[in-house]
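Chains V and Y are the protein sequences, given in the same order. The numbering of the first sequence is this note's numbering, which starts it at 1 and goes up by one. The numbering of the second sequence is this note's numbering, which starts it at 1001 and goes up by one.
Just so you know, the hints here were simulated from the structure itself, not pulled from any lab data. Mixed in with the good hints, there may be bad ones.
Unchecked claim - BS3-like cross-link-like pairs, simulated, lysine-lysine; straight-line CA separation at most 27 Å: (1) Y:Lys-1145 to Y:Lys-1270; (2) V:Lys-104 to V:Lys-221; (3) Y:Lys-1079 to Y:Lys-1095; (4) Y:Lys-1270 to V:Lys-179; (5) V:Lys-60 to V:Lys-133; (6) Y:Lys-1270 to V:Lys-221; (7) V:Lys-104 to V:Lys-60; (8) V:Lys-6 to V:Lys-133; (9) Y:Lys-1145 to V:Lys-221.
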Amino acid sequence: MSHIVKHLGIVGAGTMGTAIAKLAILNGVEVLLYDINETILRRGIERMKAEFRHSVQQEKMKPEESIAALDLLKTRTALSDIGHCDLILETVVEDLRVKQDLLKHLDANARPTTILATGTVTFSIASVATYVKIPERIIGLHFFQPVETTQLVEIIRGNRTQAGVVEIASSFAAALQKKPLLVQDTPGFLVTRTAFPFYSEALRLLGEHVADAEQIDRITKTIGGFSTGPFESLDRRGLDSFLTVAKSLYEQTYHEPRFRPQPLLKSMVDAGLLGKKSGKGFYTYEEEL
Amino acid sequence: MAQKTSKKINHPSKAASTEQLPSAEKAIIHILGESPMVEEFAAVCMANGYEVYITLNEGAFQNSERASQFNVTNAINPKTAIGIELTNTALARKKQNLELLAHTLADTAPIISSSVVITATAQSAWIAGKHRLVGIAALPSLLEKPLLEVAPTIYSPKETVDAVSRFFQTLHQQIEIVQDRVGMVLPRILCQIINEAVFAVMDEIASPQDIDTAVTLGMNFPFGPIEWADRIGIQQVFAVVQALHQDLQEERYRPAPLLRQMAATGAWWK
């Protein structure tokens, strides 16, 4: 097993997958970005190219650096084309069945020495790896949004993950200029679980009409020193994404009351109020040319 | 090609507007309660020209140098313009302090009281002239900020709230009027984050140090929960979580047993 990740496969060209791909190529890692949907793949690449162009215009990056980084990125629409990578990281939707099926497929088709990493936020590594034949190579790699600026990567060791795999995954995170933190394979791992009350209590306060969303954001920022308020953050992240995480965390902890999702959140998601991406969440956003 | 961007539309602020500031010159403020909140807020008032007297629940300062910075007295001047009560961990003492302020101060002098462990409305039942009382979210390290949470009681007339608002304006502090509920806004959020972190330590998910590293680097929080608790004080945190549990009667607010033990012994990781 190689101790250095030179070739990275990423499954899922959504916001997270594309951001990790960008980070990797900027740090000299060759990336094969896979998505079943060519449109999503194309959009992801276009977004990344636009960001590079912007960085060049702002003189934060030299044109040759942009070209060199983009040369390291290739796209694929067949999973079998990424099986030779040193490490494959999945960033697909937070759905246990989808992740289990994907890892089962990767396990059957990737080289035996390829490390298979899941980007799950809430599911245990053991549960995601239920159907794989070599569970020793499964590990959790949890990046945080915004990937570019957030310094931490949680490394989650499953109960059968090999020590060498943990070592390589940690070195890989460090090579991407992130601080790897080894955490236990428990629901929500460490960050999601510990930070959960920031959002859940804010939602409760809003639901109980103690204060409105803007007030709560102002209070947390001005008095608490938080860089963003809980509602600004939820809008940016997507209310549907947060609800998925909250529901999963609640399920994974066998309905621990501390992790019970808020009815207010569900009603907003049901109404299509998903945050910035839908134009309205706790705040209203208007598109401007 | 035109690039699409989006912007957030701000709604009108509920923060109090800045009107004509009253003069702080010679006005007397008396602050009673727990250290270090009393000294922290006294320093803010003194820096803005008020004549400040303090009464500490703990008694006199042990440190004589510290004592020389403040006018420490158990006697309250009847000419005091505003009385402030900052106790969260000893309700019997808080009641005594409020009764003393209500008994001594003029009927028109506002009384501002920390209301994070008991609502301001419930406190107003302890005193004569309940129209004078207004709640505030007081925890150590939060009272020096440019914004404060204020909770009027069901008895607070507009005049009292306006007077309190004007007082904070003279301290260059804006206010957010929130509902009079145990924990108010920030104390409730912060103390629940800390409680969850203590559960995580109990469950041996991570060390206290790793929790702080994870939350500051992973969430860009200004401090980790362990450091927050260190700044606020573990007894204060426990008092808020316990009050939330008693008030809301929900399992989700149950204090972590380790938090209870550490509050009882005063132990913490820093």
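Structure-based check of all given hints:
1. Y:Lys-1145 to Y:Lys-1270: 24 Å, holds
2. V:Lys-104 to V:Lys-221: Violated - the C-alpha atoms of Lys-221 of chain V and Lys-104 of chain V are around 44 Å apart, more than 27 Å.
3. Y:Lys-1079 to Y:Lys-1095: 21 Å, holds
4. Y:Lys-1270 to V:Lys-179: 23 Å, holds
5. V:Lys-60 to V:Lys-133: Cα-Cα ~45 Å, so violated.
6. Y:Lys-1270 to V:Lys-221: The hint holds at about 25 Å.
7. V:Lys-104 to V:Lys-60: Given that 27 Å is the threshold and the Cα spacing comes to 41 Å, the pair is violated.
8. V:Lys-6 to V:Lys-133: 24 Å, holds
9. Y:Lys-1145 to V:Lys-221: Satisfied, since the Cα-Cα distance of roughly 11 Å is no more than 27 Å.
This entry does not satisfy hints 2, 5 and 7, going by the numbered hints stated previously.
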